[in-house]
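> Let the hints inform the model, and build the full structure from the sequences given.
Chains as they are written, first to last, in our numbering: chain Z, 61 to 264; chain W, 324 to 470.
Since the hints were derived computationally from the structure, they do not count as laboratory data.
Check the hints yourself; a few may be wrong.
Derived pair list, reagent style PhoX-like, types lysine-lysine, alpha-carbon separation capped at 20 angstroms [as the list claims (entries may be wrong)]:
1) K191(Z) <-> K435(W)
2) K465(W) <-> K224(Z)
3) K224(Z) <-> K212(Z)
4) K336(W) <-> K378(W)
5) K440(W) <-> K212(Z)
6) K350(W) <-> K458(W)
7) K212(Z) <-> K189(Z)
8) K212(Z) <-> K435(W)
9) K189(Z) <-> K440(W)
10) K191(Z) <-> K440(W)
11) K435(W) <-> K158(Z)
12) K458(W) <-> K336(W)
13) K440(W) <-> K144(Z)
14) K158(Z) <-> K440(W)
15) K458(W) <-> K224(Z)
16) K465(W) <-> K336(W)
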Amino acid sequence: MIYKTILISTDETQKIEKAFSSENRESILTKSSDVAELGSPIDREATYIFSTHIIYSIASMVLSPLASLKISLYRILLNNTDVKEILRRYALTDYFEKAVEELSDYIDVKMLASLLLWLEDICIRRGYKLKGFSLIRDVEYNEPLTIAVYLKGCGLNEWRALVKDVKQKIKEEGLNELAEKATIVCIDAFEEISRGSSLTSFLA
Amino acid sequence: MYRCIRRDQPRLKPHELLSLIENYTAKYSSTLNEVMIRRIISMIYLSLFNYWAEKIYIRGRRGEDFCQDMFRYSQFHREMISHGLDHVMFILYVYRTASDHYILNPTYIELKDPNWKGIRISVEINFNVLLEILKLSRELLKALDEY
Chain Z
61 MIYKTILIST DETQKIEKAF SSENRESILT KSSDVAELGS PIDREATYIF STHIIYSIAS
121 MVLSPLASLK ISLYRILLNN TDVKEILRRY ALTDYFEKAV EELSDYIDVK MLASLLLWLE
181 DICIRRGYKL KGFSLIRDVE YNEPLTIAVY LKGCGLNEWR ALVKDVKQKI KEEGLNELAE
241 KATIVCIDAF EEISRGSSLT SFLA
Chain W
324 MYRCIRRDQP RLKPHELLSL IENYTAKYSS TLNEVMIRRI ISMIYLSLFN YWAEKIYIRG
384 RRGEDFCQDM FRYSQFHREM ISHGLDHVMF ILYVYRTASD HYILNPTYIE LKDPNWKGIR
444 ISVEINFNVL LEILKLSREL LKALDEY
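Dropping the structure here:
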């Protein structure tokens with residue numbers, strides 16, 4: 061069985077506890093601890109370990125699907141998580157150390173790692189796959205253009221809807237640098253564009 | 324003596340240009356060859372880039388060079404994707420790059436930094452793509468009008 065750990069805030073804890081029926085309860089292992097010094101909006105942190113089929117079918121109905129970017133960042137900061145290990149999972153490079161050093165000059169890598177963790181959760185819920193990320197340099201100015209985070213399994217319309225939600229949430233949470241420097245890319249959309257299959261409504 | 328004439332009214336609105344291209348492509352699609360499609364895609368991207376740059380200049384932001392009126396694609400890209408236009412900006416950038424810098428058609432583009440591996444994207448410059456670019460340009464133009 062696959063297990064997934066998520067961290068959620070007090071409000072969401074109450075919501076999720078209400079939502080689970082008694083027969084599901086034994087599938088949940090809970091552990092919580094007080095982290096009052098963190099301050100608002102997360103005054104309590106709870107770790108839930110669910111089997112993924114339960115968390116995604118039930119939790120996605122009661123939690124905002126985009127509720128945990130900052131929580132994911134807090135988790136990295138609080139637990140001194142090895143950011144490099146998270147980046148290594150997704151970085152598309154054969155020269156990891158050099159590439160991450162270069163990346164650190166461009167973006168706060170902790171913020172990027174939190175985005176990757178959070179985005180992977182969203183992708184699982186929506187049926188997409190996070191393939192990895194890489195730094196893109198502008199072909200004319202030879203300067204960093206953006207960090208492309210590549211997803212599979214989404215077409216152009218899904219891409220449009222996803223970035224609207226994701227970027228809005230990132231900005232709401234005050235992580236503007238991340239909103240500006242990370243480009244979410246649904247690679248399957250390019251095939252759709254070449255075929256012209258996304259144009260049906262446009263041409264009608 | 325050198326002097327820079329500041330601009331406080333927009334003169335680089337691409338609305339008419341886009342309408343002209345849309346009308347032309349609707350009427351004369353069969354006359355468009357690959358050279359024309361490539362030039363149109365490039366023109367669309369740069370006209371939107373100019374419009375954005377002029378808008379921020381008028382608002383008081385300054386760029387580089389003697390008259391501080393030169394801005395970079397990366398700034399354009401960053402500001403637009405922060406508004407949830409990742410799909411528009413990435414697609415326009417990829418096809419504009421293919422149109423201006425790549426010779427084969429179809430081809431593969433692997434945008435990346437030398438220390439990184441990119442994802443190989445299959446890119447074909449054709450009439451359908453042009454229509455898609457026009458559609459996305461309208462999406463970007465709407466955002467720029469409200470910017």
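> Are the hints correct? Go through all of them and say.
Here is what the structure says about each hint:
Restraint check: the Cα-Cα separation between K191(Z) and K435(W) comes to about 15 angstroms, which is no more than 20 angstroms; the hinted pair holds. About 15 angstroms separates the Cα atoms of K465(W) and K224(Z), which keeps this hinted pair within 20 angstroms; it holds. At most 20 angstroms may separate the alpha-carbon atoms for a hinted pair to count; K224(Z) and K212(Z) meet this at roughly 18 angstroms. In summary, the hint linking K336(W) to K378(W) is supported, as the alpha carbons are separated by about 9 angstroms, within the 20 angstroms threshold.
Distance hint between K440(W) and K212(Z) is fulfilled; the C-alpha atoms sit about 16 angstroms from each other, no more than 20 angstroms. Our distance criterion of 20 angstroms between C-alpha atoms is met by K350(W) and K458(W), whose separation comes to about 17 angstroms. With a C-alpha separation of about 5 angstroms, the suggested pair K212(Z) and K189(Z) falls inside the 20 angstroms cut-off, and the hint holds. In summary, the hint linking K212(Z) to K435(W) is supported, as the alpha carbons are separated by about 18 angstroms, within the 20 angstroms threshold.
A distance of roughly 18 angstroms separates the Cα atoms of K189(Z) and K440(W); the hinted pair therefore holds under the 20 angstroms criterion. Pair hint K191(Z) plus K440(W) holds up; C-alpha atoms about 12 angstroms apart against a cutoff of 20 angstroms. Only pairs whose Cα atoms come within 20 angstroms are accepted, and K435(W) paired with K158(Z) is accepted, the gap being roughly 14 angstroms. Straight-line distance between C-alpha atoms of K458(W) and K336(W) comes to about 17 angstroms, which keeps the hinted pair within the 20 angstroms bound.
Straight-line distance between C-alpha atoms of K440(W) and K144(Z) comes to about 17 angstroms, which keeps the hinted pair within the 20 angstroms bound. For the given pair, K158(Z) sits about 13 angstroms from K440(W) by alpha-carbon distance, which is consistent with the 20 angstroms threshold. As the CA atoms of K458(W) and K224(Z) are separated by approximately 17 angstroms, the hinted pair is consistent with the 20 angstroms bound. For the proposed pair K465(W) and K336(W), the alpha carbon gap of about 12 angstroms is at most 20 angstroms, so the pair holds.
Going down the numbered hints, you'll see the structure goes against none, and every one checks out.
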